[in-house]
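Each residue of the sequence shown is one higher than the one before, counting from 1 in full-length UniProt numbering.
Take these hints with a grain of salt, some might be off.
Computed beta-carbon distance windows for the label pairs [claimed, not checked]: (1) 137 <-> 18: 42 to 48 Å; (2) 139 <-> 42: 35 to 41 Å; (3) 29 <-> 105: 39 to 45 Å; (4) 57 <-> 14: 42 to 48 Å.
Keep in mind the hints are simulated off the structure, nothing from the lab. Even for Gly, the Cβ is constructed at its ideal location relative to N, Cα and C.
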Amino acid sequence: MREPLKLGAVLLIITTICGGLLGFINAKTSPIIAQGKEKSQQEAVQQLLPSAKEMEEVIVTDTPSLETVFVTYDNGTYTGAVAKVYPDGFGGSIELLVGMQADGNLAGIQVLSHAETPGLGANMTLDSFKEQFPGQVTPLEVSKTSSGQGEIMAITGATITTRAVVDGVNVATEYMKAHQANWEKGEY
Numbered sequence: 001m002r003e004p005l006k007l008g009a010v011l012l013i014i015t016t017i018c019g020g021l022l023g024f025i026n027a028k029t030s031p032i033i034a035q036g037k038e039k040s041q042q043e044a045v046q047q048l049l050p051s052a053k054e055m056e057e058v059i060v061t062d063t064p065s066l067e068t069v070f071v072t073y074d075n076g077t078y079t080g081a082v083a084k085v086y087p088d089g090f091g092g093s094i095e096l097l098v099g100m101q102a103d104g105n106l107a108g109i110q111v112l113s114h115a116e117t118p119g120l121g122a123n124m125t126l127d128s129f130k131e132q133f134p135g136q137v138t139p140l141e142v143s144k145t146s147s148g149q150g151e152i153m154a155i156t157g158a159t160i161t162t163r164a165v166v167d168g169v170n171v172a173t174e175y176m177k178a179h180q181a182n183w184e185k186g187e188y
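Sequences are here, hints too, so could you generate the full structure?
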């Protein structure tokens, strides 16, 4: 009778120590991880809109899947905006940055995180896919053949992922175009 109680007490002590250790490590590393994510996000915004010298962060609450827009300026002149959007892909939510220049053309996209299938949907991170976006005018459509203006060629075997990215781009640019006139005046 005492043996099961002794075993239970030992297991309780071990799990308490392990849980406490995991909590301690998480508390120490989570700020570092958050800083790293913030830095990589700022670098991605800078890659999409290299002319941006200043940036205002706008929190979006009225558009599903759209979280934040970074409105960019150069000496007070509006240079464009970058939206963080979360379209639903085949493997779950895709964290995507969509850049739009002041003239309304796409500056490009950057994939921050995803859970898509390696070799299929994950190919959205390849330059050959991302290079289709700069200079495009939205709304975009998915095409299974060659891509022209307003068309993005689908990733072979990953049409759902391609549609998710294109839908995310369309949602982001629609929002940015609707608010661009205010941002040009410095109003948020």
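Results of checking the hints against the structure:
1. 137 <-> 18: 42 to 48 Å: violated (55 Å)
2. 139 <-> 42: 35 to 41 Å: violated (28 Å)
3. 29 <-> 105: 39 to 45 Å: Given about 40 Å between the Cβ atoms, the range holds.
4. 57 <-> 14: 42 to 48 Å: The hinted range 42 to 48 Å holds for residue 57 and residue 14, with Cβ atoms some 44 Å apart.
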